[in-house]
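Chemist: Listed below, chain by chain, are the residues.
Protein chains: 2
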Amino acid sequence: MTELDESRQRVHENLQRVTELLHKHELVESLVHRQQGPRQQLVEGLVHKLHLVELQKLLDALHPADVANLLESLPVVQRLIVWDLVKAEREGEILLEVSDAVRQTLIADMDAQELVAATEQLDTDEIADLAPDLPREVFQGVIRSLSPEEREQLRSAMSYPEGTVGALMDFDVISIRDDVTVEVVLRYLRRLDEMPDHTDQLFVVDGTGQLKGLLPINRLLVTRPKTLVTTVMRLDFLKLRPQEKAEDAAGAFERYDLVSAPVVDDRGRLIGRVTVNAVVDYIREETASDMLSAGGLREDEDLFASVWKSVRNRWTWLAVNLVTAFIASRVIGLFEDSIARIVALAALMPIIAGISGNSGNQTITMIVRALALGQITAANARKLFAKEIGVSTLNGLIWGGVVGLFAFLIYHNWQLGLVMTGAMALSLLLASVMGVAIPLAMEKLGRDPAQGASVMITAITDSGGFFIFLGLATVFLV
Amino acid sequence: MTELDESRQRVHENLQRVTELLHKHELVESLVHRQQGPRQQLVEGLVHKLHLVELQKLLDALHPADVANLLESLPVVQRLIVWDLVKAEREGEILLEVSDAVRQTLIADMDAQELVAATEQLDTDEIADLAPDLPREVFQGVIRSLSPEEREQLRSAMSYPEGTVGALMDFDVISIRDDVTVEVVLRYLRRLDEMPDHTDQLFVVDGTGQLKGLLPINRLLVTRPKTLVTTVMRLDFLKLRPQEKAEDAAGAFERYDLVSAPVVDDRGRLIGRVTVNAVVDYIREETASDMLSAGGLREDEDLFASVWKSVRNRWTWLAVNLVTAFIASRVIGLFEDSIARIVALAALMPIIAGISGNSGNQTITMIVRALALGQITAANARKLFAKEIGVSTLNGLIWGGVVGLFAFLIYHNWQLGLVMTGAMALSLLLASVMGVAIPLAMEKLGRDPAQGASVMITAITDSGGFFIFLGLATVFLV
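Those sequence lines, one after another, are chains A and B. Reading the first sequence from the start, the letters are residues 1 to 478 in this note's numbering. Reading the second sequence from the start, the letters are residues 1 to 478 in this note's numbering.
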């Protein structure tokens with residue numbers, strides 16, 4: 001039995017233990033290199049092996065997901081030492097668990113034969129997940145090792161792009177005919193050595209493969225054996241199609257508390273299923289990728305990626321922000337004469353831009369979330385505009401007053417304070433209107449409002465805030 | 001059978017249909033108010049009722065989660081009209097599904113009797129979720145309506161704070177004794193009318209309630225009836241304790257692909273279970289709350305909250321940012337003389353602050369994620385510092401060169417260009433060092449690095465960027 005906190009502790013302790021063993025191993029290696037006497041070499045070689053044997057034992061006891069986490073936590077050289085110690089039959093599973101960036105470093109270290117062997121333990125839907133990272137000749141070797149049926153499954157699984165139901169789908173379905181009794185089903189099941197994970201229901205099909213209903217295992221257990229499948233099967237259920245969005249399927253799993261759901265083709269024939277563990281992995285990956293892109297990283301970065309790879313992963317975002325910063329800089333450039341006369345403007349202007357940027361991002365966050373939940377219609381969009389304008393007006397009075405007071409206290413100039421208050425109020429108004437309008441417009445144009453809306457609002461509130469503040473100052477103060 | 005895209009379409013269509021019906025209903029209401037003739041009134045009253053009857057039919061056909069989404073999408077007045085049409089026995093389930101903010105608006109509309117009735121359909125762990133929002137006297141009424149065993153469960157469920165395993169736990173466990181055969185178990189199950197959702201395994205306990213093992217339903221089905229439970233039950237499994245972190249449990253469900261896991265007390269006795277649907281809901285809520293706090297919202301805001309409530313939800317974040325903006329403003333204030341002499345500095349300084357802020361946030365994002373995955377140790381922290389310093393140096397050369405060139409092209413002053421390049425490089429270095437140091441320090445101090453690290457880095461890169469750029473300019477140009 002495993003305790004959760006043991007398991008959590010263990011992740012960290014394992015990492016430390018592995019680092020320790022690797023460190024000893026490296027020490028010995030460097031000794032061996034220095035002292036080339038044959039006897040010395042022999043002794044050190046044995047000690048050296050001892051560490052690796054201990055390391056291997058530790059790895060064998062870990063779940064593949066935990067080995068994957070360990071590999072991600074190690075710098076590349078040490079990562080590959082550990083990877084060499086992993087048993088060949090576990091390599092496939094572990095490759096599935098590591099992040100894309102780390103997977104590439106591992107695959108680069110394996111020869112074709114090893115790679116083909118690693119995939120042999122995997123299901124076709126799992127091979128499809130690895131396929132994009134495999135060298136061409138390896139992939140062809142893998143295909144040759146499959147049965148015709150598996151080859152067809154692999155082709156099917158690979159034909160659906162990431163982010164679709166097809167990409168989440170597996171083929172581990174137990175389907176039963178609709179014209180049998182519960183007793184027959186139970187006998188059939190007992191002949192199987194084991195059932196696929198996450199089999200909470202059997203899929204009932206007719207002679208042509210058409211999906212007719214679902215028979216939950218739990219219902220099967222409480223039904224009298226002589227009952228016909230058709231009389232106990234569920235008819236009200238959700239079926240998925242492979243080309244549908246994974247995000248929508250995830251939403252349905254969450255709303256309807258599903259463990260598995262059937263996937264059917266256009267003619268209603270059962271082709272696979274989606275399970276909740278695929279959905280959980282999908283949600284976690286989406287969350288991570290949203291978090292990364294919100295933080296300006298293009299993709300999940302290997303913690304120990306080379307400097308050059310990291311720079312490339314981050315440059316798009318920096319370049320976009322540089323362009324918006326240049327624009328804002330030119331807006332300020334328009335008012336250089338005013339700043340030369342009242343230099344306090346330079347010190348005060350970042351306040352206006354910063355606060356309206358924050359406020360705009362608050363609005364965007366709320367609207368993007370409501371859009372994702374499908375809660376916005378033409379009818380309530382108007383109410384949302386009205387509400388946000390109300391909020392920004394009130395905020396304008398409150399925060400405008402505070403910043404105006406700040407300006408007055410520092411520069412003892414009440415006109416400057418008034419301009420500051422007015423500029424803050426107007427900038428907040430701009431931020432709130434654009435904060436609603438940008439995501440709605442992106443949605444209407446078929447773009448994902450979660451991507452890029454934040455950059456746009458910041459660009460607008462920066463340049464807009466500078467323009468409003470310096471413009472008002474030029475009109476009223478200069 | 002339901003198609004996924006029907007279900008998605010439906011969410012939106014339902015919202016539109018409901019809005020339409022509500023609109024007609026309101027039109028009729030206003031007519032009735034204007035024309036008080038008794039006959040007219042009667043006719044209009046009938047039409048009016050017709051709309052509501054249609055609306056009610058529509059609502060009855062929807063899943064509670066879909067009704068919840070609908071309620072969240074409606075302005076408060078319309079929301080309450082719809083809420084009144086919901087059948088009493090479904091109110092409890094729907095209250096569980098709506099967001100906290102919307103739940104409060106619904107509960108405020110119900111009298112004590114209705115509320116007690118709504119909770120009657122719920123399990124004790126669900127009542128515990130609602131409890132904080134119930135008026136005191138209602139809650140006491142609910143307690144009185146429970147059996148002693150349920151009361152004990154409710155007390156237990158409520159004793160664990162949000163974010164713990166105890167808060168995710170339910171009590172729908174089927175436990176079996178360890179000294180029986182599979183046949184006995186099957187007979188026992190067949191006597192149940194139905195099994196709880198997400199029962200993928202039975203919990204095997206001894207005479208004292210100690211958890212001895214798990215019997216997966218799927219294994220039960222493929223085992224010969226005469227076999228003893230002890231010989232087929234699983235002994236290697238994860239058990240949770242109620243006081244452990246929900247986050248860790250969610251991680252374990254993800255890593256080990258679980259559908260349910262037992263919860264035991266300190267003496268190893270079975271007290272409940274956690275199911276994957278509770279975990280999925282938890283992950284979604286955590287994601288939403290991370291997204292909201294990253295966007296500067298304290299909590300999930302009712303889309304149609306009053307202006308005043310929204311202002312309060314958002315003010316903390318704005319206040320914190322105002323303070324950091326004031327500090328940055330005073331840093332600029334130190335260099336007003338330099339700006340008065342070279343006004344171009346005012347236009348260029350936001351570029352330095354902005355880009356180093358973005359770069360610092362990229363580093364923070366990566367480190368916070370690695371910390372969450374437990375991938376950082378004392379040994380590799382040094383390597384991470386080295387890597388980030390390398391990245392920022394290279395970025396400093398690239399982006400420093402670009403901004404230097406920009407400054408030179410606009411102001412035809414190569415010294416200004418050089419200062420710009422140097423300031424960019426130094427600010428990026430500051431951003432990278434602080435981007436690693438801040439989350440590591442927060443982790444060491446036992447704070448959540450996901451909260452607040454981003455505000456801190458932005459404050460430092462703003463003030464620091466201004467200081468470095470204006471300082472260098474003062475030394476070399478003025």
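Just so you know, the hints here were simulated from the structure itself, not pulled from any lab data. On a predicted model such as this, the values are computed, not experimentally measured, just so you know. Check the hints yourself; a few may be wrong.
Said to hold, decoys possible - Under the rule of at most 20 Å between Cα atoms (straight-line distance), these lysine to aspartate or glutamate pairs were calculated in the EDC-like manner:
| # | chain 1 | residue 1 | chain 2 | residue 2 |
| --- | --- | --- | --- | --- |
| 1 | A | K383 | B | E183 |
| 2 | B | K239 | A | D178 |
| 3 | B | K245 | A | D66 |
| 4 | A | K239 | A | D178 |
| 5 | B | K383 | A | E26 |
| 6 | B | K226 | A | E183 |
| 7 | A | K245 | B | E26 |
| 8 | A | K226 | B | E183 |
Unchecked claim - Cβ pair distances, simulated, as ranges:
| # | chain 1 | residue 1 | chain 2 | residue 2 | range |
| --- | --- | --- | --- | --- | --- |
| 9 | A | A381 | B | D84 | 20 to 28 Å |
| 10 | A | R151 | B | I389 | 30 to 38 Å |
| 11 | A | L146 | B | D197 | 53 to 61 Å |
| 12 | B | R224 | A | P196 | 17 to 25 Å |
| 13 | A | E152 | B | L186 | 43 to 51 Å |
| 14 | A | P196 | B | R187 | 24 to 32 Å |
| 15 | A | A381 | B | A319 | 27 to 35 Å |
| 16 | B | V77 | A | G401 | 27 to 35 Å |
| 17 | A | D133 | B | L186 | 41 to 49 Å |
| 18 | B | E299 | A | L409 | 28 to 36 Å |
Said to hold, decoys possible - Incomplete in silico selection of chain A near chain B, CB under 10 Å:
| # | residue |
| --- | --- |
| 19 | L50 |
| 20 | L52 |
| 21 | E54 |
| 22 | L55 |
| 23 | L58 |
| 24 | P148 |
| 25 | P196 |
| 26 | N218 |
| 27 | N313 |
| 28 | F335 |
| 29 | I367 |
| 30 | G390 |
| 31 | V391 |
Idealized CB from N, CA, C, for every residue including glycine.
Chemist: If a hint holds in the structure, say so; if it doesn't, say that too.
Modeler: Cross-check of the supplied hints:
1. K383(A) - E183(B): Not OK: K383(A) and E183(B) at ~62 Å, beyond 20 Å, violated.
2. K239(B) - D178(A): Roughly 39 Å between the alpha carbons, so the hint for K239(B) and D178(A) is violated.
3. K245(B) - D66(A): The given pair, whose Cα atoms are some 19 Å apart, holds under the 20 Å limit.
4. K239(A) - D178(A): Cα-Cα ~17 Å, so holds.
5. K383(B) - E26(A): Distance of about 16 Å is within 20 Å: holds.
6. K226(B) - E183(A): Holds, at about 17 Å.
7. K245(A) - E26(B): Status violated; Cα separation ~37 Å.
8. K226(A) - E183(B): Given that 20 Å is the threshold and the Cα spacing comes to 17 Å, the pair holds.
9. A381(A) - D84(B): 20 to 28 Å: holds (25 Å)
10. R151(A) - I389(B): 30 to 38 Å: violated (49 Å)
11. L146(A) - D197(B): 53 to 61 Å: violated (37 Å)
12. R224(B) - P196(A): 17 to 25 Å: holds (20 Å)
13. E152(A) - L186(B): 43 to 51 Å: At 37 Å between Cβs, range violated.
14. P196(A) - R187(B): 24 to 32 Å: holds (26 Å)
15. A381(A) - A319(B): 27 to 35 Å: holds (29 Å)
16. V77(B) - G401(A): 27 to 35 Å: Distance hint for V77(B), G401(A) holds at roughly 32 Å.
17. D133(A) - L186(B): 41 to 49 Å: holds (45 Å)
18. E299(B) - L409(A): 28 to 36 Å: Holds: the Cβ-Cβ distance is about 33 Å, inside 28 to 36 Å.
19. L50: violated (21 Å)
20. L52: violated (18 Å)
21. E54: violated (18 Å)
22. L55: violated (15 Å)
23. L58: violated (15 Å)
24. P148: Violated. Min distance 28 Å.
25. P196: Result: holds, 8 Å to nearest chain B Cβ.
26. N218: Where the cut-off is 10 Å and the nearest Cβ of chain B is about 4 Å from N218(A), the hint holds.
27. N313: holds (9 Å)
28. F335: holds (9 Å)
29. I367: Interface hint status for I367(A): holds (9 Å vs cutoff 10 Å).
30. G390: holds (4 Å)
31. V391: Nearest chain B Cβ about 5 Å off; hint holds.
Hints 1, 2, 7, 10, 11, 13, 19, 20, 21, 22, 23 and 24 from the earlier list are contradicted by this structure; the remaining hints agree with it.
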